Amino acid sequence: MTRFLTAALLALSLPLSPLPAQAATPEDTLVVAWVFDDIISLDPQEMFEISTFEVVGNVYDTLVMFDLDDTSQLEGQIAESWEVSDDGLTFTFKIRPDLQFHSGNPVTAHDVVYTFQRLTAMDKGPAFLIQDLGITADNMDETLTAPDDMTFQMVVDNPYAPSYVLNVLTSANFSIVDSELLKQQEQDGDWGNEYLKTNSAGSGPFILRQWRPDELIMVEANEDYWQGAPQLNRIFWRHITEPATQRLQLEAGDVDIARNLTPDQIEGLEGAEGVEFTETAQGTNLYMGLNVANEHLGKPLVREALRYLVDYQGMADTFLRNQWTVNQTFLPRDVLGYVDSKPYNLDVDKAKALLAEAGYPEGGFGLTINVASTRPERMDAAQSFQATLGQAGIELEILPSDARTALTTYRERKHDIYLGTWGVDYFDPASNDVFVVNTDNSPDAESKPLAWRNSWQNEELSEQALQLQRERDSEAREQGYQQLILDWQPVSPFVMMFQAIEVAALRDNVKNFRLGPSADANLYLNVTKE
Amino acid sequence: MASASGGRVLRTGGELAASVALTFMGLLLVTFIIGRLVPVDPLLAVVGDRASEAARQQAMEELGLNLPLWRQFLIYTGNVLTGDLGMSVTTSRPVVEDIARVFPATLELASLGILIGVVFGIPAGVLAAAYQDRWPDHVVRVLGLIGYSVPIFWLGLIGLLVFYAQLRWVGGPGRLDIFYEGLVPTVTGVILVDSALAGDWEVFQNALSHLVLPASLLGYYSMAYISRMTRSLMLEQLSQEYIVAARVKGVSEFRIITRHALGNILVPLITVVALSFASLLEGSVLTETVFAWPGLGRYITTALLSADMNAVLGGTIVVGLIFVGVNMLSDLLYRLVDPRAH
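Protein chains in written order, with the working numbering: chain W, 203 to 732; chain Y, 1249 to 1590.
Hints in this document: simulated from the structure, not taken from any laboratory. Treat the hints with care, since some could be wrong.
What the hints assert, rightly or not - Per the computed footprint, the stretches of chain Y lying under chain W, defined by three or more beta-carbons under 8 Å from a beta-carbon of chain W, are:
| # | stretch |
| --- | --- |
| 1 | 1286 to 1293 |
| 2 | 1334 to 1347 |
| 3 | 1403 to 1417 |
| 4 | 1521 to 1531 |
| 5 | 1537 to 1549 |
Predicted model only: the values in this text are computed from it and were never measured. Quick reminder that beta carbons are idealized off the backbone N, C-alpha and C, glycines included.
Sequences and hints are given; from them, build the entire structure.
Structure below.
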């Protein structure tokens, strides 16, 4: 009845002649429905938001890039070849000849030096990536050099595992920028940051034309791209926050790819005419951090009991289907050192026994959990955990808030339990040793990794993890991380639960679109439409 | 007599300016304080979750967040007075530029919405009052009730499903089809106006087709309010003695309603319409979300959740200006319609 009335009323206020229906987007144009309100700057050496990585990954090239089929293999992009000195400190890259930026300027080793120095000296969010290699604003004139126009040299402070160093360089934060253009655009020594926030200076397959925040991003093909011009002339990313709206537009053919559908909608679309799916496991983990400063959570037995009070498989089979898959390590699978160790399942009796051993035969205490209520799946997971904890006599109070409020609480160590995500910055296990390493547990420590946020310090494991950063033998390194995971699992202050899966729904005339393991590897170069 | 009323106008002018200024300072102060009380680390939006302490420190100094609160407020107020609303940290652009982009989208939607609300709402209210407790009254009341009680979010999705996905009578979410992006130079930001200025009627039609559904929805909700208010204002008038007298004199019922009663409720009705319009101009977050409409409501909400205080304060100032502006406009209209003002 309501529906009828509404329809009737709306019909009255509409023009009576129907408008021409446009069934499909143009063939040379790809339209992607996507949520990208996290983008705050398109400057590669400043950005640290997931959506930005996808855009920047298609507009810029990096020195090296991992193979999409096997992330442990590296390929040259701007670099044609590279070698590491015997002492493991000097990395030398030969620049691929005849490359040019969108401006027409040639790509040289000086641009690489400029880019790396820019990342170091601007000291924005991602600067730690290069600073972790011992490169600082004070030493960068010596550590980052161009012996000639086509050779770039980088000197690091410790003999790190080469795979670690090279994998760091695949991050889109190391996108090579056009130094001549940026020097023209520089204001007050800002390295062209103000300009590059909303413009681009790259050499990648697409050229940024427009970014209207929370509305639209448009890129155009770079006809002179060294791997050949893209098939598409244009890509539009449209910011559409409501998943139901994305679905309607996909079905109507007004968008080619819908990126943020809910599991229900994916299920509803399965078998629908003209719609296909593609999915990938991503480098993001969903976990809970247990603050050991809490008197109960400080007891290792209680933490172990909590790990037996999570309905991992139950969640993965129901409301997390098509979004998350069980992973109880601190590494996403496919990263070197990952081991498929899943020691925990929902086992209330075992948890009760552990609690009794810890001095809580009846449970009988309360905890709080901070969750971002803007993410429905996280709220669902927290409620499931609340129910299973209840079975062991522990009362869990859920404290919902928006994502940044919950994160602020976590960063200030004011939580009991924090439920949230962590994603790898590059495809090397060192990226996630923040779950293990904590060298200074004091309130104003210089470095505040995830272990610190949960007030947890284990000097032995911490030292092990730091040594693995420098293990140059790949096999020994892999085994080292695998052992580290097994040693860490029963003592850690974390309940590792899931790894993300991303599913995109697309019109069936879109070919060669694939989601990469990280956002900067969602490449559109080879996408075509039939 | 003339000079006395001239003096009154002047005095009210001065008072008005003073009260506007005072309102603004209060608005700024309260928003500023709320912004600082929100338990969100504003640096998260700027340098992210993983930045080093040194990077955080640098960002804090760049944004002036290390200064005492009162100094931050004074600096901000000083800048506002010179028309500088600062930079938004979530869009990396001046807030003034952001607002110039998002406000026209809201203005376009709200204007068409209020037009629909008035065109349908006032006659519906008059009709309901004239046929009190008979079927037209019931129909209007039920329609109004739906408008009050059904979530706009849901209604928007149903509307899209029926008129966009199924019937294809209207354009989908967003302000334009991809085909028409960038064809018309931005002059006012209101696409209907810009395309008309450029004489590009194809873009005009496309923009209108995108606008019709969300505007009808907002129009429907304001119609619900306007028709209810019109009905009760009318009923109040119709029970007055002068109406009885007019009836006794044999004036036709049609004339009684349209000339006497309606004429007398115009002043309060203007207030009702003005307030509806102002609240539409604030932007409707839910409608803007469903229709992927890049308007003011969504802008302020996104900014608030990111603790992007310059953007929130800028948006608040605009909303404040809207209310003052709409109030002044309705004051002006009173003088035109109120016979006592002549």
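Unmet hints by their number, sorted upward, for this structure: Structure breaks hint 4 only.
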